[in-house]
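Participant: This is what each chain is made of:
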Amino acid sequence: MSQGLLFSLLTLILLATSLLSLLLGPSSLTLSQVLAGLLGTGSQVEQLIMHELRLPRTALAILIGGGLGLCGAALQGFLRNPLAEPAIFGISGAAALGAVLAFYTGLSGLFLIALPLSGLAGAGLAAGGLLLLAGRQASTLGLVLSGVAVSALAGALMSLALNLMPSPFAVYEIVFWMLGSLADRSTEHLWLAGPFILFGALLLFLLKTTLDALSLGEDTAQSLGMPLARSRLLLIAGTASIVGAATAVAGAIGFVGLVVPHLLRPLVGHLPSRLLPASALGGAILLTWADLVTRIVPPSMDLKLGVVTALVGTPFFLRLVLQLRREPA
Amino acid sequence: MSLLSVQNLKVVRVNRSVVDSVSFDLASGEILGLIGPNGAGKTSLLRALIGAIPAEGQIALSAKPLETFSVRERAAQISYLQQGQQCHWAINVANLVGLGRLPRRSPFQAAGAADYQAIEATLADLQLTDFAERSIQTLSGGEKARAFLARALVSEPTLLLADEPVAALDPGQQLLVMQQMRRRADAGLAVIIVLHDLSLAAQFCDRLLLIHQGRARLCGEPRQVLKSQEIEEAYDVAFSLGEIAGALNVQAQPR
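The listed protein sequences derive, respectively, from chains A and B.
Quick note: the first sequence uses our numbering, first residue -8, plus one each step.
Quick note: the second sequence uses our numbering, first residue 59, plus one each step.
The hints are simulated quantities; they were obtained by calculation from the structure and are not laboratory data.
There could be a bad hint or two in this list.
[Unchecked claim] Non-contacting residues of chain A with respect to chain B, defined by C-beta distances greater than 12 angstroms in every case (computed):
(1) GLN24
(2) VAL25
(3) LEU153
(4) VAL303
[Stated by the list, open to error] For the chain B half of the interface with chain A, some residues (derived, Cβ under 10 angstroms), not all of them:
(5) ILE108
(6) GLY109
(7) SER128
(8) ALA133
(9) SER137
(10) CYS145
(11) HIS146
(12) TRP147
(13) ASN150
(14) ASN153
(15) LEU154
(16) PHE166
(17) ALA172
(18) SER193
(19) LYS285
[Claimed, not checked] Across the chosen pairs, the derived CB separations fall in these ranges:
(20) A:ALA140 / B:ILE302: 55 to 61 angstroms
(21) B:SER198 / A:LEU3: 27 to 33 angstroms
(22) B:THR187 / A:LEU3: 31 to 37 angstroms
(23) B:GLU288 / A:PHE308: 55 to 61 angstroms
(24) B:ARG163 / A:VAL139: 35 to 41 angstroms
Every residue gets a Cβ at the ideal spot worked out from N, C-alpha and C, and that includes glycine.
Just need the whole structure built from these sequences, with the hints factored in.
Facilitator: So, in structure tokens, the structure goes:
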């Protein structure tokens, strides 16, 4: 498939998906009502539904899905490991820990964005710790191991917080929060997470040439004039920014960052630089679809976003594994 | 005048010097064979030349100190073909070779006509044109080796550092790769090549530099180096040199 065709196709699918996401919801609005609500010419209820509910939710799904897809592609390219995913540095674990602490201390009840702010603080601390541990000199292995350490610490502290939680209802609430959701997110959430995700995306796109050169190994990339130490910092900062903001606002959403790059890699001729924009588009499409599914099932089921991405992602992944078995690399 | 001049090069890794006061010169059009036992410091020497590991001493390229070059300028002048080169993704041969053009343009510039011309010409040169659209992973060992060599040559460097580029190739493919290096050298390229096949080294190199325990033991004409006492000490074997149809043949025996 030609690259132009692929990117126009992905963009088209994303546009159609976003439109569907704006059209579907508990209160059935017609297309003209949706447009009127968006443009501010509709009734007050229509405007409220569009501006305060559906638009932020759709925008968040696109930004978070796109960010996670991009992150996965950048990490897999940089670490040259097809199993790398956005959670690898422990940033998402730390962001979840921040959120759990907000629940624990009752901070989350004080104001609307206290929870995501606390999650972001956790992600920031983790990124700082990671940079201290895996500073400028660290090898790729050192970087991954530092991520494992950060991840393990965040996990242990989270278990501790759950263990000491005063009420079982709070535990219940946390567990559900961690399954991930975009329900009832407001424009404040969008304004909080959006800039971080876009900034992180910018940093990761700066890596594109380095990622291509790294397919030949670190020494050869260095001999091609690639700034590896600076690239490592960009990778950590970009990942922390995107994953931290995404987790803080929407909870833990797995699989997008792992599966999407794999699905699209053959379509971009396996080139890491081309995989970046493709995975961003693909991640946005996948997450918007997953969010649509959570809205279509009856509200009594209250299906969580993280559950759907895993359920939707696994069959694709299995197909890929079977394909690999048939034609060994 | 020499293209590359190395004076008192020293590389220290974890409190141990792996390269110690190595000095040598290299002229354009010359192939210098880097020989010595495993672990002698040959790869460290090459990695120091591309700046992958810190080193002390003076290195000058075209009479200009290497540290005065910008990173990209240096990358465009010195090409490095690493030992056991692999490609981690199944990208096609044309794209793979194209990676070698990265130092020839600014970081966010797309490949231009000059890049495509260079890629096409290098592919044709190494008889890879028919493989251009094939994934690198589907190529045979010899074809891969040629593709990686094409990647290193496509930037039109003045100096090529090749670390065991013919290891694990059959004799025909070894010859193909070495002849290609010779042709490039005859056109002005300077080459430093790490070889373990001493007969091949004698056949294609203008000079040999023997490295042992991080130090340069001997540098000179292949025949002179291969007949020396130093080389037998370095490898801890006895060499018997024969001549078959004018070509030097080197055989190792226990000492």
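Participant: So, against the hints stated earlier in the document, which numbers end up violated here?
Facilitator: 17, 19, 21
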